[in-house]
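Student: Next come the chains, spelled out residue by residue.
Number of protein chains: 2
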Amino acid sequence: MIESAKVTAASTPMGVVGLGLMGSSIVAALLIAGHPVQAIVPIPSDFDEARHRVARQLRLCEQAGLIDSVADFDERLQITEDYQTLAGCQVVIECVIEKLEVKKEVYQKITSVVTSDCIIGTNTSAIPISELQQYIMGPERFVGIHFAEPAYMTRFLEITCGRLTTDHYAQRIFSLAQGMGKEPTLLKKDIRGFITNRLMYAVYREIFHQLETGHATREDLDKAFRYDAGSWMTLMGIFRRMDYLGIEDFGKILPEVFSKLSNTHSVPQEMKEMVEKNARGIHNETGLYPYQKGEGKQWDLSFSQFNLEIHRLAAEFSEVKIKEQLSQ
Amino acid sequence: MIESAKVTAASTPMGVVGLGLMGSSIVAALLIAGHPVQAIVPIPSDFDEARHRVARQLRLCEQAGLIDSVADFDERLQITEDYQTLAGCQVVIECVIEKLEVKKEVYQKITSVVTSDCIIGTNTSAIPISELQQYIMGPERFVGIHFAEPAYMTRFLEITCGRLTTDHYAQRIFSLAQGMGKEPTLLKKDIRGFITNRLMYAVYREIFHQLETGHATREDLDKAFRYDAGSWMTLMGIFRRMDYLGIEDFGKILPEVFSKLSNTHSVPQEMKEMVEKNARGIHNETGLYPYQKGEGKQWDLSFSQFNLEIHRLAAEFSEVKIKEQLSQ
Numbered sequence: 590m591i592e593s594a595k596v597t598a599a600s601t602p603m604g605v606v607g608l609g610l611m612g613s614s615i616v617a618a619l620l621i622a623g624h625p626v627q628a629i630v631p632i633p634s635d636f637d638e639a640r641h642r643v644a645r646q647l648r649l650c651e652q653a654g655l656i657d658s659v660a661d662f663d664e665r666l667q668i669t670e671d672y673q674t675l676a677g678c679q680v681v682i683e684c685v686i687e688k689l690e691v692k693k694e695v696y697q698k699i700t701s702v703v704t705s706d707c708i709i710g711t712n713t714s715a716i717p718i719s720e721l722q723q724y725i726m727g728p729e730r731f732v733g734i735h736f737a738e739p740a741y742m743t744r745f746l747e748i749t750c751g752r753l754t755t756d757h758y759a760q761r762i763f764s765l766a767q768g769m770g771k772e773p774t775l776l777k778k779d780i781r782g783f784i785t786n787r788l789m790y791a792v793y794r795e796i797f798h799q800l801e802t803g804h805a806t807r808e809d810l811d812k813a814f815r816y817d818a819g820s821w822m823t824l825m826g827i828f829r830r831m832d833y834l835g836i837e838d839f840g841k842i843l844p845e846v847f848s849k850l851s852n853t854h855s856v857p858q859e860m861k862e863m864v865e866k867n868a869r870g871i872h873n874e875t876g877l878y879p880y881q882k883g884e885g886k887q888w889d890l891s892f893s894q895f896n897l898e899i900h901r902l903a904a905e906f907s908e909v910k911i912k913e914q915l916s917q
Numbered sequence: 590m591i592e593s594a595k596v597t598a599a600s601t602p603m604g605v606v607g608l609g610l611m612g613s614s615i616v617a618a619l620l621i622a623g624h625p626v627q628a629i630v631p632i633p634s635d636f637d638e639a640r641h642r643v644a645r646q647l648r649l650c651e652q653a654g655l656i657d658s659v660a661d662f663d664e665r666l667q668i669t670e671d672y673q674t675l676a677g678c679q680v681v682i683e684c685v686i687e688k689l690e691v692k693k694e695v696y697q698k699i700t701s702v703v704t705s706d707c708i709i710g711t712n713t714s715a716i717p718i719s720e721l722q723q724y725i726m727g728p729e730r731f732v733g734i735h736f737a738e739p740a741y742m743t744r745f746l747e748i749t750c751g752r753l754t755t756d757h758y759a760q761r762i763f764s765l766a767q768g769m770g771k772e773p774t775l776l777k778k779d780i781r782g783f784i785t786n787r788l789m790y791a792v793y794r795e796i797f798h799q800l801e802t803g804h805a806t807r808e809d810l811d812k813a814f815r816y817d818a819g820s821w822m823t824l825m826g827i828f829r830r831m832d833y834l835g836i837e838d839f840g841k842i843l844p845e846v847f848s849k850l851s852n853t854h855s856v857p858q859e860m861k862e863m864v865e866k867n868a869r870g871i872h873n874e875t876g877l878y879p880y881q882k883g884e885g886k887q888w889d890l891s892f893s894q895f896n897l898e899i900h901r902l903a904a905e906f907s908e909v910k911i912k913e914q915l916s917q
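Going down the list, the sequences are from chains A and B.
Take this note's numbering: the final residue in the first sequence is number 917, and no numbers are missing along the way.
Take this note's numbering: the final residue in the second sequence is number 917, and no numbers are missing along the way.
If we strip away everything but chain A, and leave its shape as in the complex, we get (with noise of 0.2 Å):
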């Protein structure tokens, strides 16, 4: 067992409404770290295969040994298509696509059921939690709590306050997720594509504008990145890394970059095509790359042993055992 699947003291009934490839990854993220969970699929033609999707998580956690059996967990999950089930839960965790007409529809059938006092998160991405608050019955207690797939085994956790957030809510979300083995940061103002996304679109701004002026392949754009950034990140973060590179240079060489960055706000060409195209990536074997039949469950799976591998990477070579070293 690791760090994660650590069964809290304390279990909080928990819900989640809608069943994705979050949805399901962080049902299984809160069976693991002991909670009761009530799975909502809000979509009823949808209830066969998003039962499949959460027995394939918790297949892949046991696969992971991070829990022993998926049986294990009959008495704490269930799954259904009736809010009514809602009512007990102290936290309820929307995870629908990122539509706001859905979205409000949810939060009214929540809202409708939970107790006045029951934290309300989403997992969103795209829409600020200021702007989803106002569809809210009682916006002090919701929360923007993004989690990053597979929510089970990520020790990543943002936390996102919107403009009617109570702190005490947040602080709240802080600690079960603490409880779940999360490295969790806390954002109090609500801005546009929250921290990591925002550091995340920067570089892909960036990496389309060089594709699309032809200085490099896509694969060697990749490769330079996943074998150079890659080789650091999980230890360093980037203003460590600039520490750890001795800063000197940054001061030079920062402006004489910035000055050739793309500053573009326009979608890139090749992902209107993608739109097009309707193209899933992995999940319809059509995207950036080409893929093989079955090729994208095999990135799935592979991407699930990873995991298991950097997350216990960072437990080993962590800050505070850094620091613990130095005083031996």
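Derived from the structure by calculation, the hints contain no laboratory data.
These numbers come from a predicted model, not from an experiment.
Backbone N, C-alpha and C define an ideal beta-carbon position, used for all residues, glycine too.
Be a bit skeptical, because a hint or two may be false.
Straight line, CA to CA, 30 Å or less: simulated DSBU-like cross-link-like pairs of lysine-lysine [said to hold, decoys possible]:
| id | chain 1 | residue 1 | chain 2 | residue 2 |
| --- | --- | --- | --- | --- |
| 1 | A | Lys841 | B | Lys910 |
| 2 | B | Lys841 | A | Lys841 |
| 3 | A | Lys912 | A | Lys777 |
| 4 | A | Lys693 | B | Lys849 |
| 5 | B | Lys861 | B | Lys841 |
Coverage of chain B stretches by chain A, computed from C-beta distances (three or more under 8 Å per stretch; other residues unrestricted) [unchecked claim]:
| id | stretch |
| --- | --- |
| 6 | 620 to 629 |
| 7 | 762 to 769 |
| 8 | 851 to 862 |
Here the structure of chain A is known, so what remains is to put chain B in place on it, guided by the hints.
Tutor: Then chain B, alone, in the frame of chain A:
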């Protein structure tokens, strides 16, 4: 012994000029790959310190299990101030500070000694290859050879042609890199900041913007990036990650977030202050983060150990292996 430690059948006499952090790390990488190395200390007063730096890198290789004993290299390594020892080298890599005047003088000394078809490489990440090239006698053999630190452990190697570079010299370095267990990229056009730096500088620009606007703390910014991007980076790269996430939402989110990203050309205030107070990060334990005495060395050691793990993971989870598993 890991993959990169294989001794290639045909060893190539190599020279390295400049034995700072990168230079000494490159010396170790070349030795481990089986090449004899002439290491030049360009500043005589730096001689003892340079020897210590190289010895330290080799000790780290030994500790990491990359080599059996530092003593194995006694025959193949010479550290000297005398450029004449470069005479028999087939490749010489310049790793001196990022100052044009210094590099010009070094190139003059190298070219006056080596044969006319000796490849001259530079590890610069700041000055365009085409610009440096004009100070080389026989500019067609001048190539950007950009390692990531620690050079003996990372798979990254970015090869860049200048305007006048002949392709077969670049290809020669590409083959040598593959023989060293690298995953080299070849950039035939010399763009400002090369591939990986441009991508990282896009992140640097945005992360300082977030810090300056007070949206998030330094610690949270690093934490979010480490545990989110760090969880997939080595396995996926950027485009593959988009395929993994399913592409669908990007078309909608990209233009909204792009328009909020920093487009500044100017150096962040904090970076200016760092330069003013001569901050060298972990090297003088003055940087963006506070450091206790001895902590800089501990970070360095931890990174070496971490990188050994990432190096192993990158081999275990390569794209080739993922496709292999598919056909089984």
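Student: Each of the hints needs a verdict: does it hold here or not?
Tutor: Against the structure, the hints:
1. Lys841(A) / Lys910(B): At roughly 41 Å apart (the allowed maximum being 30 Å), Lys910(B) and Lys841(A) break the hint.
2. Lys841(B) / Lys841(A): Given pair Lys841(B), Lys841(A) is violated - Cα atoms ~36 Å apart, limit 30 Å.
3. Lys912(A) / Lys777(A): Satisfied, since the Cα-Cα distance of roughly 28 Å is no more than 30 Å.
4. Lys693(A) / Lys849(B): holds (25 Å)
5. Lys861(B) / Lys841(B): violated (36 Å)
6. 620 to 629: violated (count 0)
7. 762 to 769: It is violated, with 0 qualifying residues against the three required.
8. 851 to 862: Per the Cβ count (9), the hint holds.
The structure fails to meet hints 1, 2, 5, 6 and 7 from the earlier list, while all remaining hints are met.
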